[in-house]
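Work the whole structure out from these sequences, hints included.
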Amino acid sequence: MKSLSWMAISLFIVCLIAAGLLSRVYTVTKIQIEKQKQDGIQKQLSQVLPEAVSFRETIDDTLWLGFDKDNQQIGIVFRTAWQGYAGPIPILVGLGNDTVIRKIYIASAAEGLKETPGLGFKIRETSFLEQFYNKMYKEIQLVKDGGTIHAITASTISSNAVINGIRAGIERFQSNLDGDTNSVQDLQIDTTTGATESDYEK
Amino acid sequence: MTTNPLLIFIAAFIVNNIILIRYLGLCPFFGVSTTLTTAFGMSTACLFVMLIATWVTWTIYHFLLLPLDLIFLRTAVFILIIATLVQFVEIFLKKNFKALYSAMGIYLPLITTNCAILAVTFLAIDYRFSLILATIFALGNALGFGLVIVLFSAIRERLEFAPLSRSFKGYPIAFIAASLVALAFLGFIGLFGLPL
Amino acid sequence: MSVFFKSIITLGGLGLCLGVALAFIFKKLAVAGSELEKQIKAALPGSNCGACGFPGCAVYAEKIVKENLPINKCLPGGKEVLEKLGKIMGKDLDALEHKIAALICRGGKDECRERFIYDGGTDCRQAYLMHGGNKSCVFGCVGLGHCASVCPFGAIKMNKNRQPVINDKKCTACGICVKQCPKDVLVLIPRTKLVYLACVSQDKGKAVKDVCTVGCFTCNICIRACPYNALTMKGNLPVMDFNKCTDCGICVHRCPTDSYLDRAKARPYAFISSACTGCGECVKVCQFKAIEGSPEQRHKGIIAKCIGCGECFNACPVRAITMAGALGHQTRTA
Amino acid sequence: MRNKKSKRLQYLFNGIILENPILILMIGLCPALATSTTAKDAFGMSVATSFVLICSNIVVSLIRKFVPESVRIPIFIIIISTFVTIVDYTMQAYVPTLYRVLGVFVPLIVVNCMILGRAEAFAYQHNIFDSFLDGLGKAVGFTLVLVIMSIIREYFSTGEIFGFVIGPRFIISQPMLFMIFPPGAFLLIGLLKAFINKFIIKPEPTD
Numbered sequence: 001m002k003s004l005s006w007m008a009i010s011l012f013i014v015c016l017i018a019a020g021l022l023s024r025v026y027t028v029t030k031i032q033i034e035k036q037k038q039d040g041i042q043k044q045l046s047q048v049l050p051e052a053v054s055f056r057e058t059i060d061d062t063l064w065l066g067f068d069k070d071n072q073q074i075g076i077v078f079r080t081a082w083q084g085y086a087g088p089i090p091i092l093v094g095l096g097n098d099t100v101i102r103k104i105y106i107a108s109a110a111e112g113l114k115e116t117p118g119l120g121f122k123i124r125e126t127s128f129l130e131q132f133y134n135k136m137y138k139e140i141q142l143v144k145d146g147g148t149i150h151a152i153t154a155s156t157i158s159s160n161a162v163i164n165g166i167r168a169g170i171e172r173f174q175s176n177l178d179g180d181t182n183s184v185q186d187l188q189i190d191t192t193t194g195a196t197e198s199d200y201e202k
Numbered sequence: 001m002t003t004n005p006l007l008i009f010i011a012a013f014i015v016n017n018i019i020l021i022r023y024l025g026l027c028p029f030f031g032v033s034t035t036l037t038t039a040f041g042m043s044t045a046c047l048f049v050m051l052i053a054t055w056v057t058w059t060i061y062h063f064l065l066l067p068l069d070l071i072f073l074r075t076a077v078f079i080l081i082i083a084t085l086v087q088f089v090e091i092f093l094k095k096n097f098k099a100l101y102s103a104m105g106i107y108l109p110l111i112t113t114n115c116a117i118l119a120v121t122f123l124a125i126d127y128r129f130s131l132i133l134a135t136i137f138a139l140g141n142a143l144g145f146g147l148v149i150v151l152f153s154a155i156r157e158r159l160e161f162a163p164l165s166r167s168f169k170g171y172p173i174a175f176i177a178a179s180l181v182a183l184a185f186l187g188f189i190g191l192f193g194l195p196l
Numbered sequence: 001m002s003v004f005f006k007s008i009i010t011l012g013g014l015g016l017c018l019g020v021a022l023a024f025i026f027k028k029l030a031v032a033g034s035e036l037e038k039q040i041k042a043a044l045p046g047s048n049c050g051a052c053g054f055p056g057c058a059v060y061a062e063k064i065v066k067e068n069l070p071i072n073k074c075l076p077g078g079k080e081v082l083e084k085l086g087k088i089m090g091k092d093l094d095a096l097e098h099k100i101a102a103l104i105c106r107g108g109k110d111e112c113r114e115r116f117i118y119d120g121g122t123d124c125r126q127a128y129l130m131h132g133g134n135k136s137c138v139f140g141c142v143g144l145g146h147c148a149s150v151c152p153f154g155a156i157k158m159n160k161n162r163q164p165v166i167n168d169k170k171c172t173a174c175g176i177c178v179k180q181c182p183k184d185v186l187v188l189i190p191r192t193k194l195v196y197l198a199c200v201s202q203d204k205g206k207a208v209k210d211v212c213t214v215g216c217f218t219c220n221i222c223i224r225a226c227p228y229n230a231l232t233m234k235g236n237l238p239v240m241d242f243n244k245c246t247d248c249g250i251c252v253h254r255c256p257t258d259s260y261l262d263r264a265k266a267r268p269y270a271f272i273s274s275a276c277t278g279c280g281e282c283v284k285v286c287q288f289k290a291i292e293g294s295p296e297q298r299h300k301g302i303i304a305k306c307i308g309c310g311e312c313f314n315a316c317p318v319r320a321i322t323m324a325g326a327l328g329h330q331t332r333t334a
Numbered sequence: 001m002r003n004k005k006s007k008r009l010q011y012l013f014n015g016i017i018l019e020n021p022i023l024i025l026m027i028g029l030c031p032a033l034a035t036s037t038t039a040k041d042a043f044g045m046s047v048a049t050s051f052v053l054i055c056s057n058i059v060v061s062l063i064r065k066f067v068p069e070s071v072r073i074p075i076f077i078i079i080i081s082t083f084v085t086i087v088d089y090t091m092q093a094y095v096p097t098l099y100r101v102l103g104v105f106v107p108l109i110v111v112n113c114m115i116l117g118r119a120e121a122f123a124y125q126h127n128i129f130d131s132f133l134d135g136l137g138k139a140v141g142f143t144l145v146l147v148i149m150s151i152i153r154e155y156f157s158t159g160e161i162f163g164f165v166i167g168p169r170f171i172i173s174q175p176m177l178f179m180i181f182p183p184g185a186f187l188l189i190g191l192l193k194a195f196i197n198k199f200i201i202k203p204e205p206t207d
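Read top to bottom, the protein sequences are chains A, B, C and D.
According to our numbering, the first sequence is numbered sequentially starting from 1.
According to our numbering, the second sequence is numbered sequentially starting from 1.
According to our numbering, the third sequence is numbered sequentially starting from 1.
According to our numbering, the fourth sequence is numbered sequentially starting from 1.
Worth flagging that the hints you see were computed from the coordinates, not collected in a lab.
Ideal Cβ positions, reconstructed from N, Cα and C, are used throughout, including at glycine.
Check each hint, because a few of them may be wrong.
Examples of chain D residues lying across from chain A (beta carbon under 10 Å, computed) [what the hints assert, rightly or not]:
#, residue
1, 13
2, 14
3, 71
4, 74
5, 82
6, 93
7, 96
In silico lysine-lysine, DSSO-like type, Cα no more than 30 Å apart, as pairs [claimed, not checked]:
#, chain 1, residue 1, chain 2, residue 2
8, B, 94, C, 27
9, C, 84, C, 109
10, C, 109, C, 27
11, B, 95, C, 206
12, C, 109, D, 198
Chain C is nowhere near these chain A residues, computed Cβ spacing over 12 Å in every case [as the list claims (entries may be wrong)]:
#, residue
13, 18
14, 26
15, 98
Set out below in structure tokens:
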């Protein structure tokens with residue numbers, strides 16, 4: 001009988017020690033993880049909307065409002081995603097009040113980007129991303145559709161996904177821009193082809 | 001992940017097959033799949049344990065760990081449950097179902113170190129499945145595991161007679177054959193729009 | 001601190017109740033003598049070769065405990081395992097005759113020509129599917145080395161003549177090669193048996209002579225030559241009665257086609273001491289004319305001719321003959 | 001004393017080639033194939049696994065006298081999972097990018113057959129120093145194979161090694177995606193095993 005009770009007790013003791021040790025480790029690392037997560041986001045937001053000094057999160061993990069020194073809202077940052085070849089491509093877009101895209105940031109493989117490795121990752125190269133900088137909504141189109149974006153050879157699906165993602169994001173979040181949003185209202189968005197006859201040229 | 005049960009089943013069963021695409025459960029895969037009967041015995045044992053493990057771990061996670069905010073204990077608790085579960089099942093089978101035990105009993109200790117079982121329990125939690133969906137997910141994975149192991153053991157039995165140089169006999173040729181089977185399974189990506 | 005206590009209670013609690021459950025299960029379902037079974041399992045070699053007829057050492061251990069089976073069924077274990085089991089089970093050691101695998105066919109590539117060129121899978125079982133192999137002797141060893149590949153102890157190697165060579169030290173008589181050989185040309189013979197017939201051809205004499213240079217074509221010389229009449233002809237092959245045979249080796253040398261094999265490493269030769277009275281009994285008995293000498297004179301053994309069969313040793317009334325110069329033979333007096 | 005010392009060194013060195021966990025003992029395959037897509041992740045994974053392996057070997061041999069034989073597997077598993085959780089959370093805190101790439105494979109170290117295998121087969125019977133040496137040897141062997149595999153796979157798929165572009169032009173423009181996907185991993189480890197069989201002929205184990 002002794003050996004049997006010793007069996008249960010030994011398991012119990014080992015579990016106790018393990019539980020104690022783990023809880024100590026958890027409490028120590030928890031703070032660090034939180035800090036890590038926070039400044040990770042801050043870094044990305046400021047990267048995408050450089051002029052903004054501080055951000056306020058309005059929709060959990062999808063929309064932030066950017067403010068400059070004297071707390072004027074100068075733009076928004078939003079996260080959009082579109083179905084790529086092997087999975088959704090998360091994109092972070094910084095949009096100034098004048099609906100001009102400042103910068104965009106695509107999550108790297110580390111952040112769970114599931115694109116076909118090698119080819120799919122080309123969308124993260126600055127040469128492709130630069131095409132989107134300082135562009136208006138209308139210009140975010142493939143060259144053949146009247147826009148200014150050149151797709152990457154051999155990974156059209158991913159390039160299209162990025163373009164559609166950004167367009168969908170702008171359409172959805174432009175109402176949050178506080179500047180002269182009326183000029184944006186009369187955009188007639190033809191959702192089928194995504195092409196728009198905006199009266200921006202005037 | 002999709003919430004349509006059929007899609008989850010197919011994703012777990014073929015598209016994201018647990019052995020060939022997710023690289024899990026390779027140790028038993030190469031160890032046990034030498035003959036058809038052992039492969040079949042192992043897959044039934046795995047199915048049996050995977051289902052029970054998913055139910056038990058899912059309930060423990062959602063009714064014990066989550067409310068108490070002890071998620072960090074997840075690894076320890078899950079693997080402890082699986083290890084003792086395997087011993088329970090082994091003794092239970094030895095006692096009541098002698099025939100079943102003699103057919104599949106020797107594989108049960110192997111299952112404790114089978115990465116596939118623990119991985120399925122973790123994925124079921126990470127994908128935030130409800131209990132029913134988690135069961136379907138586990139079922140899909142177990143059948144996927146069984147399918148690949150049985151299919152592969154037939155290949156390996158045939159490989160016994162293949163005229164090979166001495167250094168390729170045994171594991172090397174098994175790996176290369178597995179590579180071809182994995183290549184075939186890669187073809188399933190995008191079936192019903194399911195991502196890799 | 002609350003996380004600390006919460007985790008202690010949960011994991012600790014879980015560990016405790018699982019431990020108690022396990023203890024309870026072990027107690028209720030503890031198999032009688034599981035301790036004994038574990039000891040036996042530790043004593044067995046653990047190679048799960050199946051020689052004891054069970055799918056593994058664990059199962060054999062269980063059977064010993066449960067159904068009180070004899071403890072000498074583990075052939076590869078040999079003496080040491082037998083002693084260990086004897087000690088554990090406290091039983092007497094009725095040692096089973098220790099066996100070794102032997103090839104009873106001498107028709108290799110050179111001796112027995114091929115009927116057709118076979119270019120198929122390199123496994124005897126595959127070749128066997130093609131009309132029983134490409135050897136012109138249908139009964140003979142195909143020589144593609146399946147026994148070598150299947151032997152768990154690596155005791156069998158294929159020689160250049162495409163015949164399996166069995167290494168005495170490594171062979172544990174587990175019998176797997178005997179079971180696996182499609183042509184049944186491997187048998188288990190007692191380890192102490194030195195001489196055996198190495199031919200399985202049931203063909204008539206003439207047919208055997210056509211196909212194989214070392215096949216037994218039933219000339220009956222060995223049957224007549226054997227002083228212990230341990231050989232009787234059955235069908236087209238002499239059958240050796242292992243109890244009568246004393247491994248003297250006469251049949252090996254008298255057989256015109258060397259169908260018999262002698263496993264002895266070396267054989268002695270007869271040495272006639274000065275006590276010889278020249279009675280000539282040994283000359284009558286010696287079938288190889290290896291003793292010469294005039295009557296009433298001390299006889300002399302011709303080492304070259306003497307095969308060390310020991311007949312003269314037995315026949316000598318004055319014990320003047322001793323068998324000299326070889327390992328085990330002296331112990332095998334008649 | 002001399003053969004005692006050489007026996008100890010033997011524990012250390014045969015872990016690297018003669019009894020290399022992945023290529024000879026064929027245990028610990030799951031993480032090896034899964035995380036060897038890039039050299040950086042492979043190295044991260046093998047460091048984590050080595051830490052867990054060495055610590056669990058030490059602790060198991062430390063308490064081997066008090067562990068009752070029938071319940072030893074759950075106890076070993078708790079010890080290993082404690083170390084794995086420690087690695088899991090420290091990685092999440094200090095190396096988040098690597099953690100996100102390795103994903104589900106970090107907690108899966110606990111069922112890495114190599115660790116439980118070594119704990120039960122070796123650490124349970126040997127003293128602390130030998131277990132540490134054996135753990136170290138196996139860890140170095142594991143890391144060696146993992147890094148070699150990841151260098152080959154990364155080189156062919158992206159023309160880089162550890163992130164530095166080395167590949168000639170044609171690799172970068174037409175990368176061999178085959179190497180990133182599972183078939184490439186299986187093929188590569190098959191070829192490595194054949195290579196080992198050819199040059200380090202290890203007689204087939206008897207059982």
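Results of checking the hints against the structure:
1. 13: violated (32 Å)
2. 14: Since the shortest Cβ distance to chain A is 30 Å, the answer is violated.
3. 71: Cβ of residue 71(D) sits 5 Å from chain A, so the hint holds.
4. 74: Given a least distance of 6 Å, the restraint on residue 74(D) holds.
5. 82: Hint on residue 82(D): holds, closest Cβ of chain A at ~4 Å, below 10 Å.
6. 93: holds (4 Å)
7. 96: With a minimum Cβ separation of about 6 Å from chain A (threshold 10 Å), the hint on residue 96(D) holds.
8. 94(B) - 27(C): Holds - the C-alpha atoms of residue 27(C) and residue 94(B) are around 14 Å apart, at most 30 Å.
9. 84(C) - 109(C): violated (44 Å)
10. 109(C) - 27(C): It is violated: about 63 Å lies between the C-alpha atoms, which goes past 30 Å.
11. 95(B) - 206(C): The hint is violated at about 63 Å.
12. 109(C) - 198(D): holds (29 Å)
13. 18: Residue 18(A) not clear of chain C: closest Cβ-Cβ about 6 Å, inside 12 Å.
14. 26: With a cut-off of 12 Å, residue 26(A) comes too close to chain C, as the shortest Cβ separation is near 7 Å.
15. 98: holds (49 Å)
The structure shown violates the earlier hints numbered 1, 2, 9, 10, 11, 13 and 14.
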